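If you read the protein sequences in the order shown, they are chains A and B. Last residue of the first sequence? That's 251 in my numbering, and every number before it is there in order. Last residue of the second sequence? That's 518 in my numbering, and every number before it is there in order.
Source of the hints: derived by calculation from the structure; they are not laboratory data. In this text the structure is predicted, and so the values were computed from the model without any measurement. Beta carbons: idealized from backbone N, C-alpha and C, even for Gly. Don't take each hint at face value.
Which bits of chain B does chain A cover? Going by a derived footprint, with three or more residues having C-beta under 8 Å, they are [as the list claims (entries may be wrong)]:
1) 253-262
2) 266-277
3) 347-361
4) 505-511
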Amino acid sequence: MTDAPVLTVSNLRKTFGDFVAVDGVSFEVRPGEIVGLVGPNGAGKTTTISMVLGVLRPSTGEVRINGVDLFKQRGKALCHTNFGTAYAPLPGNLTVEQNLRVFGLIYGVKKLQARIEQLLADYDLLHHRKTKAGLLSSGEQTRVTLAKAMLNHPKLLLLDEPTASIDPATARDIRTRIVAAAAADRCGVLWTSHNMYEVSEVCDRVLFLSRGKILMQGEPEALVREHGAATLEDLFIEVAHESLTDGSHAA
Amino acid sequence: MNPGRIFAVVVRQFYLLRGSPVRLLPMIAWVAIDMVLWGFLSRYLTELTGARFNFTAALLGAVLLWDFLTRVMQGVTTAFFEDVWSRNFLNLFATPLTVLEYLTGLVITGVLTSLLGLIAMLTLATTVFGLSFFVYGAALLPFVFVLFLSGITLGILGTAIVLRFGPASEWLIWPIPSVISPFVGVFYPLATLPLWMQAIGRALPPSYVFDAMRHILAGQGPDWGQLAMAAGLIVIYLVAAFLIFAGVYRYAMRTGLIARYSAETAG
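Turn these sequences into a full structure, and let the hints steer you where they fit.
Written as structure tokens, this is what we have:
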């Protein structure tokens, strides 16, 4: 098993006219590693994730997924990824099973029906297989999104606030499932969240993004210790406040 | 191109139709209403003129052909709108699905759904109003194929417009066939039009199809030069429509429109 990065982001920069949304961001995600991408609103997280998803072209820089250049061999690179976000639910007018089949076909999943059955069981969706996805609760929809995200045994999983808008018990359940699935498949995960408790609990490493740049990175506990903060949330608030007031922060 | 991924785009639309048969209604109902309306008008005009002219073949046949083009176009655009309405762009375009595979899936869906409308139209026109397609002969078939390609071209162009200008621009797409119809002489020769409208009409492939239909009905046989002109034009337009869509897609990738539309409704 190789430890080569499943995601390599090099000098990624995105400008919209004069506005610099992402400014020279570089980082890696290794197999089995869960990396948190955090930062205040407007820091450039969604822009960064959009570029890694391949739905937004960077102005400059490179994204490699499992060693494949995303913007030169898009199809080959995206075969190795999948994603889940609370903000892009699957079509609500298809049933859970239909959604999984459609996306399974798009990802070219082998033995698709067996994989669907396994995921329906893994994510407690067997009773909902014939239910239209739009009729499910937020937590159930998140489980469907995650089942979709695991369809192709991705080497890189991109999660954009996967537990947003769901209750704490369901959120914990979902976190547990993601961590277990990532460990089982040695899947690298890039996880954005505003919930610092969640980030502390699941992430091996955290990248603090502000004004399009990575301000600091490291293990959550180490970062808290090094910066003399009580919790990751306190550190986040401090960094966000400083970056908003003076526009800079020493890593 | 990966056939499995194209199949996925088609299967998604099949599931939608199967899960909500109401979606089938507009594909059949509007064309049926057109057939009834123009069928009775043709019958009345035939009675009025003492059957000196075959209005059923000229008017009802023209409506049928025009509705066919409209259905093909709307089959493509409606399949695309389903992804707009369900804010599915991010889910689709963050996968290995290519833009060519996606478009091909939309076109296949458009072809299949328009066939339903065509069957309904043919059934009504032949059984209720006695329209016989033998009066046109097999020579009309290549012209009909030009109409079919015209529908696909307009469908691709419509999807490009919505992808570029956002979900709210959907209302611009529905009336496109109605806007074009006066210029292509569905019911009258191009010579009837003022010169500036004729010039536009000559640049539109369907004009040659309806002219050919009238030639055939007048017993003059098809004008193969017209067919060559129509075929040449539609190939150019089809390629242009695809290039426009591909260009808009690249623009959307550069500006983040795809991610934005996933968070935006047609408000």
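Hint by hint, which ones does the structure fall short of? Nothing - there is no hint that the structure violates, so all of them hold.
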